[in-house]
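**Q** Each chain is listed here by its residues.
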Amino acid sequence: MTRGNRILLSCTYWAFVAYVFVPLVLMVLMGFKDSKFIGFPIRSYTLEWYMGIFENAEVISAFAYSVAIAVLSTLISVFVGTWIAVLLEGRKFWGRAAIFGLTVLPALIPGIISAIAFRIYARYLGIEPGMGAIVWSHAVHNVPFVVLVVMARLSTLPKSQIEAARDLGADPLIAFLRITLPYLIPAIMGASIFCLLLSFDDFVRSFFLGGYEPTLPVLIFAKLKSGMSPEINAIATAALVLTAVVGVWAERFTRRMNKES
Amino acid sequence: MTKLILNRRKLLTTAAMTGAALASPAYLRRAHAQGGEVNIWTYNDFVPAAFKEQFEAETGIKINIRLVDDQGKQFSLLAAEAPNPTVDIMTVAGHRFLQFIDSDLLAPLDTDRMSNWGNINPTFSESDWATINGHKWGAPILSGMEVLAYNTDYVTPEEAETWDTLFSEKYKGQTAYIIQDMMSIVMLMKGYDGNMVEYLGDPEKAEAIVKEARDFLIEKKPLVRKYYDGGAEVQQMFVNQDIMLGHSWNGPAAALINDGFPLGMAIPKEGSYGFVYTFNIAKNCPNPDNAYTFLNAILANPEIGAAMTKASGFISTYKGASEYLTDLEKKSTSFPDEQLANLQFFRAEANEMKYGFVDPAVEAIKAA
Amino acid sequence: MTYDASAREDRGAVPATGSDRTFWGRLASWAPYRALVQLATATPRRQFLILAALPVLWVLTQHLGPMLQMLRVSLTDAYPVAAGTEQHFTFDNYLRFFGDRLFWMPFFRTLGFAFVFTLCTLVLTYPVAYFLARHVSPKNRMLLLLMLLIPFWVGEIVRTYAIMILLGNTGAVNLALKWLGLIDRPIPFMYTSFSMGVGIVYLTALYMLLPLYSALEKLPKSLNEAAADLGAGAWTRFRRVTLPLTIEGISSGCTLVFLISTGFYATPVLLGGPSTTVFAETIAGFFHVAGDEWPTGAAFAVIMFLAALILTTLFQKFMTGLRKGERK
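Those protein sequences? They're chains R, G and V, same order as listed. Residue numbering for the first sequence follows our numbering, beginning at 1 and increasing consecutively. Residue numbering for the second sequence follows our numbering, beginning at 1 and increasing consecutively. Residue numbering for the third sequence follows our numbering, beginning at 1 and increasing consecutively.
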């Protein structure tokens, strides 16, 4: 690879970084605007919007509600997803392709269609709109991502380890819990982060299946009705900082786990 | 190993925190349990925060608000919940009553149970649209209208006196409107009844009129910058100077004016339509007594009406509410009498026929 | 003392190191547990059935269920059913699409947009993924990748408004160009297919970047070096070695992006112009306006999804053929 090509590539990378980050920088900046609307020119700045978040009970409760939903739905997704991955990886059986296809189906259905399908199905099952319904829809929607990530890791598990454990007299369940599961932890962590973020960010399913308590994206959408204000930008920035911190922490955690095993 | 242990401990702390968050009653509470509650579907800022706090403290009734963002969604949600809804009070616009009443979703209001009913300006509470089948169906709270909003740095008030400016070559690519609403206004511009009540017995004529309005908007499509849906969008277009003038509801436009943006609004001479947001009680609602307590309390004094106006930009229906507004707020929520004379209210009688023609026409304009 | 406690607990989570007859040992020799395991794993067949029960049940009831339910609604004449009326089976909702040219334009426009945006995303992200996988030291790789991913987690709506502030007539780009003296009048970027593309690629880049990155990362460096030894130029090496070996990543990335972009709603509605109405908007209209249009909305959603599925299946077939062709 020539030097020129390398420089060109690195420029493309940084141009892409700029494309991705500039709107973000604008968002953070607008949170400081002393006005009820975002946009240029900014005549004066204020810290009021950012400070206000911590006093706004509505925002904090929506945030906590979103986090609770994200955690619960992720636990379900990870449990079911790992189970499905263990079934599918490295096994040949009749109907495997069909099960695999059905497994990834929720990830392929466009957002609004999936939300409406869930709404209709919830009505059919008699699930009332509310936290349970949102958790359920997020859990189902996120399972495919867990399956794909865990299957990828599972395919690299040395078979000899399991066999050794079996030779030592471990039954399949114990062999799974003591050898396979610890080996899968990095993948499960990665998938969990993905699920947490997907759930935390979801608007359309939360809206169609929600009750009186708004999730953070639903609250933001409702606030938008009275204008895109710097307040919304400040809330989004705070949420982003928090998710980013969780993301980076989890990445380091996973990396350490990798080293340990 | 040490690192791992530290991380595990951190993980446990996080788990404990999550557990605490989950145990907190706010999220586990069944939002529509029996007892001291009232469940409301409404727009953001329609129930002032200060009022909510005071009401809850004085009556012990907890207000649960589900924020909605359009009339159609409220209808779908309520239709899905009927005949035993979770909601007590909804926020329906006056001209949408009929759809809800026909589907048997609203309970008629017993105005005798509200000692403060008289605090509403009779222009709104006793208007022709307000009484259907001999009953009142909602307590008017805020009034809105379709206006022509314009950037005063670029557009003169004279230009804003007619809807024609919205379709002039001069402002090509600098205008925006909501197509559904514009259909009614175009009918008015062309001298027809945009409510279509006049043509109830003559669907063919109605269809021809809708077709004429549709073809007009298709012809003018090259001139428009954006067909929008929500108030926040039109505000952002004005702030970014992507448009110089556009059709808007008065609420979002007033909010911009109050923020110091050089915006003006007018009810053009061809006329325009107004609508009134009302609080309504759902049929078979779980807490009817609390609902009446709430309605009576929110109508109690003009200050509450003024607070709603400040937050939403729409005009209060309360007698004397404007006394509690600043000069700028007053300016942004009042119109000259000669302009107000051009205003009429949306009516619902012919909606089924009207929207049967208008909805496909809107699709056709978008697709053209 | 907490230190000791957590240390002992930890041992359970990692593979055995030495003789520990702790929790696991005790569990394994506990009679009821052993009986249960005996029962469950008596034959390989039974073991498999127990393993398969939950996944099969889950995907059938949770993954397939909602779609079937929607299919059912799309074949009825009214939903939700009003009291005192009956629901009838009908194909009318589907025929309505084929009978009215009005709906074709947004439909084909959506497919066209999805195709173009998929292509744009591929062209934009391929060099980025290539740079990350081939030119960044493994130590920094994760960090640089993560850096790209973080912004994708800002809510769609807020980010879309940020793009408006970027591209508006008094937006950051126009201000910068004016300041540089390149323009006198602002360029109207907003409410065109351009602004819509800027917003959409933001949403799709992630789904393209990850498959491309993992495909490129797997590629052995030695292959490229061997080709270089044989005298192949940079472009030839890319075309003959790198590209064919990453076709799988390209194909799965494109499939994912195409399917997802047919369903975007908020971004096209907010960033598009009068002539960029997409099919998702048409579909959403049936659910917003009134309750009785749900069946039509559901039918249109099914049509959209099937069309996207058929197209991506054809595309995958084509890519597989291409890969086989290259191998010969």
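FYI, nobody ran anything at the bench for these hints, they're computed from the structure. Hints may contain errors.
Claimed, not checked - Residues on chain G that point at chain V, a partial pick, calculated with CB under 10 Å:
(1) Ala176
(2) Asn240
(3) Ile243
(4) Val362
(5) Ala368
Computed from a prediction, not measured in an experiment: that's the story for all the values here. Where a beta carbon is used, it is the ideal one built from N, C-alpha and C, also for glycine.
**Q** Now, for every hint given, state plainly whether the structure supports it.
**A** Hint-by-hint comparison with the structure:
Among the interface hints, the one on G:Ala176 holds; its C-beta lies about 8 Å from the nearest C-beta in chain V, closer than the 10 Å criterion. Satisfaction of the interface hint for G:Asn240 is found here, the shortest Cβ-Cβ separation to chain V being roughly 3 Å, below the 10 Å cut-off. Taking 10 Å as the C-beta cut-off, the interface hint given for G:Ile243 holds, the closest approach to chain V being about 9 Å. The beta carbon of G:Val362 is positioned within 10 Å of a beta carbon in chain V (closest approach about 8 Å), and the interface hint is therefore held.
Nearest Cβ of chain V to the Cβ of G:Ala368: about 8 Å, under the 10 Å cut. The hint holds.
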